[in-house]
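Work out the full structure, taking the sequences as your base and the hints as a guide.
Chain residues, written in single-letter form:
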Amino acid sequence: MYEFRMPALGADMEAGTLVEWKVKSGDPVRRGQVVAVVETQKGAIDVEIWQSGVVERLVVAPGMRVPVGEVLALLRTEGGEAPAGVAAVPASPAEAQRAATAPPAAPPSASAPAERVLRISPSARKRARELGLDLATVRPPTPDAPISLADVERAHAAASVRAAETPVQAADWRGQMRAAIAAAMSRSKREIPHYYLATDIDVTRLDAWLTAENLKRSVAERLLPVVPLMKAVALALHTVPELNGVWTGGAFQPSSQVHLGMAVAMRGGGLVAPAIHDADRKSLDELMANLRDLVTRVRGGRLRSSEMADPTVTLTSLGDLGVDQVVGVIYPPQSAIIGLGTVSERPWVEHGALVVRKVVTATLSADHRVSDGHRGALFLTELRTLIQEPEKLG
Amino acid sequence: MITALTPDEARSALLEAICAIAPETEPGSVLPDRPLREQLDLDSFDFLNVIIRLHERLGIDVPERDYGELGTLKSAVDYLVRRTAAAR
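Chains A and B supply the protein sequences, listed in that same order. Counting from 1 along the first sequence, just add 15 to a position and that's the residue number in the numbering used here. Counting from 1 along the second sequence, just add 74 to a position and that's the residue number in the numbering used here.
If you are wondering where the hints come from, they were derived from the structure by calculation, not from laboratory data. Even glycine gets a Cβ: it sits at the ideal position worked out from N, Cα and C. Take the hints with a grain of salt, since some may be wrong.
The following label-pair restraints were derived from C-beta to C-beta distances [to be verified]:
#, chain 1, residue 1, chain 2, residue 2, range
1, B, E112, A, T226, 45 to 51 Å
2, A, M200, B, E143, 37 to 43 Å
3, A, L230, B, A78, 21 to 27 Å
4, A, D387, B, S86, 56 to 62 Å
5, A, E404, B, A78, 43 to 49 Å
6, B, A78, A, L393, 54 to 60 Å
7, A, K39, B, D107, 34 to 40 Å
8, A, R193, B, A78, 44 to 50 Å
9, A, V338, B, S103, 24 to 30 Å
10, B, R131, A, A266, 50 to 56 Å
11, A, E301, B, P109, 29 to 35 Å
12, B, E112, A, R189, 18 to 24 Å
13, A, T400, B, A94, 23 to 29 Å
Every beta carbon over 10 Å from chain A, so not counted as near; a handful from chain B, in silico [claimed, not checked]:
#, residue
14, S86
15, L89
16, K148
This is how it looks when you write it as structure tokens:
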């Protein structure tokens, strides 16, 4: 039996409201399928499931606000057996609330941890004491796993959400988004010791290459200037893996995949930074198609849970508004954000002569717990090198 | 097949494309001489989408080197009238 739980769609999310089920009890689902719509502070998100199987039971009814980590549905997986006495979908939100807060479907067998011995990590114990949280109320992800710091944080968040119990109103959605950004950025500045680097990069060759490339293309196939830059950033991260990953449980975990979070402004204020998956391995055409799809869905449609949850690094490009440079604030739990300003013609010294070149200022804000300025400089140097050979970025 | 547009037709085609991308735009309140992109908060992506839409509706493929001609409502209308007339 697989427990499909409310995912954390970003570090700042504590709970979400289930808006709609896309599946019903008895439906087969496959890995990656969108099974539910969840309303968060950043709008409605399509939530995917990462396990194939058959829906055994929908635990939570639409309209309910559910803390991150709570069971939303149970899934019968291949080889798994349905437990005896499967309950139907709860008829009322109140019932569902009880179901959702009850321990998740303990199998009615001897394996039920009736007298479970609490195994607790030292950091979890310390944090629970700080929060005044009863450790007996904390559930680890599996019955026999030790209680980790993350479990304590989750239980605390769940408890505060249950205390507040305020449904998200569509009307104050902008205020909610503002609050979400405030929470994430405050946490970033409180917890992450940033260091900042900046460098000017000559993009004359890239610009000429892109102009020639776009001349060959119909209007719908043209590449925006940011696309080859995205690819160069994603590739340059291979050189300095400390900039690509997440800080979790007091340590940095590098990611072998580059899920490039693209900061996208919403019309009228607010911003999200959903991921373009495996940006280092995609062609420029694929990146452009992905970016187009992403921006269109940010502006009018809906984002998917995986895009919200798993960026490993963020790129912010404010070139459209004519700013020379943007020095970003890291989006926790990531360890770096790269900023690109406007491409503009500037005086440039080359081989002792003053020339005019198209130049962009690239910045790096990075977590000093994870990397140092020297490593950050290596990244920017690699980025500059890659940008000088645009034809190889394809 | 491209049909020649009058300035009024070009203006309404352009405003229709803009409103599709930036739905909160009040067509009547767009100032003719102020840059469209800052007036309507269009980023490069929105701008490209406007151009794609014009291509779909009018059959005009605006090359990148002409993007500057679509800077304001007035210059864009002039450009569309000229392009459609030339193509006839």
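Are A/R193 and B/A78 spaced within 44 to 50 Å by their CB atoms?
holds, 48 Å
Against the range 56 to 62 Å, how does the distance between the Cβ atoms of A/D387 and B/S86 compare: consistent or not?
With Cβ atoms ~58 Å apart, the hint holds.
Has the hinted range 21 to 27 Å been met by the Cβ atoms of A/L230 and B/A78?
holds, 26 Å
A range of 54 to 60 Å was offered for this pair. Does it hold for the Cβ distance of B/A78 and A/L393?
Holds: the Cβ-Cβ distance is about 58 Å, inside 54 to 60 Å.
Regarding A/K39 and B/D107, is the given constraint of 34 to 40 Å on their beta-carbon distance met?
Because 57 Å falls outside the window, the suggested range is violated.
Given the hint of 50 to 56 Å, is the C-beta distance from B/R131 to A/A266 inside that range or not?
holds, 55 Å
Falls inside 43 to 49 Å, the C-beta gap from A/E404 to B/A78?
Given about 45 Å between the Cβ atoms, the range holds.
That 37 to 43 Å hint for A/M200 and B/E143 (C-beta), does it hold up?
holds, 40 Å
Would you check whether the claim that B/K148 is not at the interface survives, using Cβ distances to chain A and the 10 Å cut-off?
holds, 22 Å
Can you tell me whether the CB distance of B/E112 to A/T226 sits inside 45 to 51 Å?
violated, 24 Å
Holds or violated: 24 to 30 Å for the Cβ distance of A/V338 and B/S103?
holds, 26 Å
Non-interface claim for B/L89: all C-beta distances to chain A beyond 10 Å?
The assertion about B/L89 holds, with a minimum of 17 Å to chain A.
Against the hints set out earlier in the document, violations occur for numbers 1, 7 and 13.
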